[in-house]
Amino acid sequence: MRRAISLTVLSTLAGLAQADNTNPFDCSNFLTFNGNQAQALAQLNASKETLSWNWFNCLNQPAANGLDRVWETLKPSDQVYLANGANPGAYTLAPPPQAVTQAAAGIPGMNTQRAFHNLNAILQVDGLPLEMDGKTVPAAQRGKPVRFQLLMSESTFDYIVQKGVYNTNGQSALTANLDFPATSWEAKAGWLWIGTDTTYQKQLEDDGYYIAQAYYQNDDGSYTVGYAALSALHVINKLVPQWVWTTFENVNNSKYTVTNAIPPKPMTNSTGPTAEAVPVNAQFQQWYGNLSRYELIGTQIDSNPKLLANSQLESAFQSQSSCSACHGTAAYSKDDGYFNFTLSGQDGKDGIVYPTAPLPETAFKGYNKLDYVWSLKRAQWQRP
Amino acid sequence: MSVLNFPRIYFKGHMFWSPPTGNNNDVLPLYDAVNMKMNWDFLSQYQITPENAAEKLIPWMIQYQQLSSAPKAVIQAPPNAGGDGIVPAEWNFFGDNACGTVSYKDTVSTIIGGEGPGGGYIDNDPLINQPYNLYGNPFGSDTPTPARFVDVSPWQNTFTALYFDRLELGNAACGLTATRQYRMLDRFLNFNWAAFKGLLTVTATWQTCFPKANLQWRLGDSVLLKNLHDQLDQPGVQGLMFRFCSYLTAYDYNGVFNDQPPVSASKDPAKLQRMYQAALDNPIDIFFNPAYGCTSGVLGLWHDGEYPTAPDGQRLVAKTAVAVPSSYNQKPKAVELGVISALVHDNLLSLDLMNSFPFIQGPAKPGIDPLIPQPLKLNLGAFDIGTTQGDTFVPLVPPLSFDYTKYQQDAFDHQSGLLDLPLTPAQVTQLTGDNPLALRKQGDQLPTSVQQPWTAEVIESGSFLDVGQTKELKIMVQKNGKPAANLDLLVAQYNNLYLLGTSSYYLGTRNNPNFVLFYDHTDDGSQEQNKENLPQFTDSAEVTTQATEGAGRRLVAFVTEEPDTPGTPVFYQDYRKTCVGVNVGACLRFENREPSAIRYLKPEAGLKPDSQLVEYDYKRITTDANGIATVTVTGVNPGFPTLRFYPDEDGTADILFSFDYLSAYVDFLAPIRVLPSEDDLKQRFVDKWNEVYQQQDAAQVIWDSFIYPEIFQIYYYLYPIMNKYMPLNNLKRIEGAIGQLIRLISKPYQEESTLAMPITRDMPQGRRSVLELWAQKLVQRNYPPVKLSMADYDTLNVN
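So the sequence lines, in the order shown, correspond to chains A and B.
The first sequence begins at 1 in the working numbering and counts up one residue at a time.
The second sequence begins at 1001 in the working numbering and counts up one residue at a time.
Hints should not be assumed to be uniformly reliable.
Below, simulated DSS-like cross-link-like pairs (lysine-lysine); rule was C-alpha separation at most 27 Å, straight line [as the list claims (entries may be wrong)]: (1) A:LYS349 <-> B:LYS1747; (2) B:LYS1056 <-> A:LYS349; (3) B:LYS1105 <-> A:LYS265; (4) B:LYS1688 <-> A:LYS135; (5) B:LYS1333 <-> B:LYS1197; (6) A:LYS365 <-> B:LYS1787; (7) A:LYS334 <-> B:LYS1688; (8) B:LYS1471 <-> A:LYS365; (9) A:LYS144 <-> B:LYS1197; (10) B:LYS1333 <-> A:LYS144; (11) B:LYS1732 <-> A:LYS369; (12) A:LYS334 <-> B:LYS1471; (13) A:LYS334 <-> B:LYS1271; (14) A:LYS365 <-> A:LYS265; (15) B:LYS1732 <-> A:LYS265; (16) A:LYS377 <-> B:LYS1787; (17) B:LYS1271 <-> A:LYS349; (18) B:LYS1056 <-> A:LYS144; (19) B:LYS1072 <-> A:LYS265; (20) A:LYS334 <-> B:LYS1732; (21) A:LYS377 <-> B:LYS1406.
Taking CB as the label site, the calculated pair distances span [claimed, not checked]: (22) A:THR199 <-> B:TYR1104: 50 to 56 Å; (23) B:THR1143 <-> A:SER222: 33 to 39 Å; (24) B:ASN1129 <-> A:ASP219: 50 to 56 Å.
Treat the hints as calculated values from the structure; they're not laboratory data.
No residue lacks a Cβ here, since even glycine has one placed at the ideal position from N, Cα and C.
Next up, chain A with everything else stripped away, as it sits in the complex (with noise of 0.2 Å):
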């Protein structure tokens, strides 16, 4: 009966996520836990990967726009950490440079009153980008980097703002460590670059993945617009003290992203989904059809599972990846500058080594930590 249910709601409302009559879950104020912490650690406790995925579902139903997405709508990296170092003023967002709406004019199909997503990033944290390539995917996009973006919540941007941290001159003069409030969100968005093409635009959708509208800009500081598919979604928040770490990625990327060997292999992701996660998966993947080509890789609190990444966003390290981890070595030093996580074991022999376990207090000496939030590092100087 379930099954019968969500099939129809399915062919009725393609396209648009919707709470499932069988699934009791509250999205109204998710991103405040209902105001009622105690019951969203109960529901961790219970099972993370239904928590998880609950979340997700609550970040992909209908904003209050009717045209994007809730988490399209939170704040963008780029709307915080101002390039000027100055403050980003409210959390509104701000609406994308008018190049890239007279551009998006004439792009069919194209809404300037939905988001445009501007995915400024093509590095992952050892400083790898992630190619496209795969016999589906057009000579155009060949060998170019999967794109990222970064977003906030309002929490967690408040946070920020009041501790005058969105730029390096605030981080610089920290006296202790940052301690951002349980209801802090983040998430950060691989995307396949699509561009104009329609033809890959629709089999892409057919492969299960969620199109939105995109720019970058360009070293010219030029703007490319175009269509963009959500191949991964990190989503992470401060239920607990070491933050939530979960991440989503499209069962269909090996398709389309390949490894930096030589010749290039197609990408697949070695640390999940876990075995939690695989049930959860395919529950809430009938129960949502428009997100029914994504899935759970997994859950990770307080490094557990030790290792924990996702395909499009820690590709070539993964078996080096602990979410917690490595964000709990978020910190900034005056005179050395951000925490270098690249860590060189003993004179050099062992070559380069990501943390999979906390690192001990004495390696912060002289560092204020920045509660695993490593967007900061986005930060600009505000210059004389």
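We have chain A; now place chain B onto it with these hints.
Quick look at chain B alone, frame taken from chain A:
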């Protein structure tokens, strides 16, 4: 002792070698590696200048260039004798210095057998048919990275260092992980055999040793492993020794040994150019075109007093050439054997023939891809074992000999080039007496190979020094295979005088002497007759030289016809001023050196005697009770000095002014690279930042005006493999990997890591210091609007 002793494990397979070839052109001197700059003097011939290089250099590098279009000094250089054109970026522009064993389709590199503690071939063991490989340091992943090999000098093909993290045998249940203690340096690279078919017919020997503490055993049910493991507790055993040879090295085998796109760099340079361009346009199309060759190896015990990085014990070197049967239809009609290491043990004479008997490419083997080259040892006849008394060969009694069946290819493969000959007690007595060991081809009068009384090996050979940096080198010396205590050695330094090709050695001097560098036949149309001149001191013996077509890796033949004319002498001091010449001046200072020596070269027409006065430094050192001596050197000028050690038992050792690289494979040499200091770079960088630090675009300005042009640009030109991972002309990409960059450019990584940036190790300390300051104090801090000072260099977190 050594791997010649029992027990042993044998290996057989193929190896790949993937160097970046943009920096080591054998023909065209586009890179002045002495000063670590593009060779603008040479490139100006092609209208390429620092100002237009961004647009013109790489397009020129990937396009075939005729040698005839090069400056005259390039055409007439003896290493280019007989050469034609070349693609300046050569055959593997995107190479990453990787090397290792090959396992691809039917090509496997595996453990093939071994010997028990008392001998006896073991061909049934769980370890057999399991893979083995050399791996590099981990790069943020459990995926193994490759070992890397680096030519100490980009042009000289003589010395290559092999950096690795570990040797892996077998699998998780049955195997061994041996962590590196000593990196390797190729030994006994005998280019004389290149006369058969270039590098294809040359062999190199490699060796490293692992202390007991560096071994992680997974014995499983393997008797082969258990045999070695159980012997480690025997007195005098330090650990394990791994020795292997590499040979039959061939090019353009994409699609045969790998799944890279096929291309023939030599036969289809136009296609190569198109593929290079496509890869430059889109890194997804980057490809490798490695060299491939055969390998055989052996793992055995490492005993006290044994050289870790070169075969020790009794060493036989060639005395006379043996005839090459005409049935082979080869250009060389006679050939000298390579090096043979020997050991008497367990009533056996064990010979290391890995690099001893020449070979050619043989016919295809049934059931094996016919495109895969097959080695074929030449049948040079049977050989008697004996000793020498004076110059006389004395056969053993009863006679001991071996014939072709013992060194033909299958026998070679079966025992990885080792040969064990049973001895009678009488033979043992003769071979362990005072007379040197020798080998003689049956039917010949003179010995074919005789025991070299001295051997000497520097453990830290192949080091990279900065100008001003001091390094202590330890040299282990043996006489007749035993540590030579209280022996004097003279140490002198030599340079190669061409910015291209493999060439001979000239004494590093304090003054600026003149001499005939070579005789030129370019004007009479027989440039292939150009050969190096090897002047000697008035009181030294003459040294003969041989004209060759090509040199080193590109040597294809010896020129046997005498020139019609003596040729035009080309003097060093004139040639030094060309775009090919290298300074003969000393690059190293010996600490506590002897008073400098002053000697004259033998008179040569056209030169005033005074100009042939040579003043040079040398050092006398003495071995301790263990046969180990120490020499301390400090870099004083950039370049590629090679130390040569002369045993001086009776005070008559003579430091030569020059010697031929073709015979140097059995000399006692230690190559070093001295990197330029560029000390002013540090102050200039600080000054530049302090000009711009308040600008909103300070990050981009300091990149555009200093960091890229002064440091990254040359690496961007020479190592385009980085376009795949960290394009060196892209500030954003480098900033995004700044944490990794800080680690990889550090000095300890240069010494220790397969991941060092650049992998070729050519990063002068001045550039490293500036990069570290930029990375740590500016990029890591998001370019703070504060001034820098020279004192900031002292507060870097160097790791």
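Evaluated hints:
1. With a CA separation close to 12 Å, the supplied pair LYS349 (chain A) and LYS1747 (chain B) stays within the 27 Å bound.
2. Proximity of LYS1056 (chain B) to LYS349 (chain A) is assessed by CA-CA distance (about 39 Å); at most 27 Å being required, the pair is judged violated.
3. Restraint check: the Cα-Cα separation between LYS1105 (chain B) and LYS265 (chain A) comes to about 17 Å, which is no more than 27 Å; the hinted pair holds.
4. About 49 Å separates the Cα atoms of LYS1688 (chain B) and LYS135 (chain A), which puts this hinted pair outside 27 Å; it is violated.
5. At roughly 13 Å between alpha-carbon atoms, LYS1333 (chain B) and LYS1197 (chain B) fall within 27 Å of each other, so this suggested pair holds.
6. Using a Cα cut-off of 27 Å, the hinted pair LYS365 (chain A) and LYS1787 (chain B) holds, with the two alpha carbons roughly 24 Å apart.
7. Distance hint between LYS334 (chain A) and LYS1688 (chain B) is fulfilled; the C-alpha atoms sit about 22 Å from each other, no more than 27 Å.
8. Among the hinted pairs, LYS1471 (chain B) with LYS365 (chain A) is inconsistent with the structure: their alpha-carbon atoms are about 34 Å apart, more than 27 Å.
9. Restraint check: the Cα-Cα separation between LYS144 (chain A) and LYS1197 (chain B) comes to about 43 Å, which exceeds 27 Å; the hinted pair is violated.
10. The hinted pair formed by LYS1333 (chain B) and LYS144 (chain A) fails the criterion: a straight-line CA distance of about 57 Å is larger than 27 Å.
11. For the given pair, LYS1732 (chain B) sits about 25 Å from LYS369 (chain A) by alpha-carbon distance, which is consistent with the 27 Å threshold.
12. With a C-alpha separation of about 36 Å, the suggested pairing of LYS334 (chain A) with LYS1471 (chain B) is violated against the 27 Å cut-off.
13. Taking the CA atoms of LYS334 (chain A) and LYS1271 (chain B), the gap is near 53 Å; set against the 27 Å cutoff, the hint is violated.
14. With a C-alpha separation of about 42 Å, the suggested pairing of LYS365 (chain A) with LYS265 (chain A) is violated against the 27 Å cut-off.
15. With a C-alpha separation of about 26 Å, the suggested pair LYS1732 (chain B) and LYS265 (chain A) falls inside the 27 Å cut-off, and the hint holds.
16. Of the pairs offered as hints, the one joining LYS377 (chain A) and LYS1787 (chain B) holds, with about 21 Å between alpha carbons and a cut-off of 27 Å not exceeded.
17. Pair hint LYS1271 (chain B) plus LYS349 (chain A) does not hold up; C-alpha atoms about 40 Å apart against a cutoff of 27 Å.
18. Between LYS1056 (chain B) and LYS144 (chain A) the alpha-carbon distance is near 25 Å, which keeps this suggested pair within the 27 Å criterion.
19. Between LYS1072 (chain B) and LYS265 (chain A), the direct Cα distance comes to roughly 48 Å. Violation of the 27 Å bound is thereby established for this hinted pair.
20. Proposed proximity of LYS334 (chain A) and LYS1732 (chain B) is supported: the alpha carbons are some 23 Å apart, at most 27 Å.
21. Among the hinted pairs, LYS377 (chain A) with LYS1406 (chain B) is inconsistent with the structure: their alpha-carbon atoms are about 67 Å apart, more than 27 Å.
22. Evaluation of the 50 to 56 Å hint for THR199 (chain A) and TYR1104 (chain B) yields a failure: the beta carbon distance comes to about 36 Å.
23. For the hinted restraint 33 to 39 Å between THR1143 (chain B) and SER222 (chain A), the CB-CB distance of approximately 38 Å keeps it satisfied.
24. Between ASN1129 (chain B) and ASP219 (chain A) the C-beta distance comes to about 53 Å, which sits within the given range of 50 to 56 Å.
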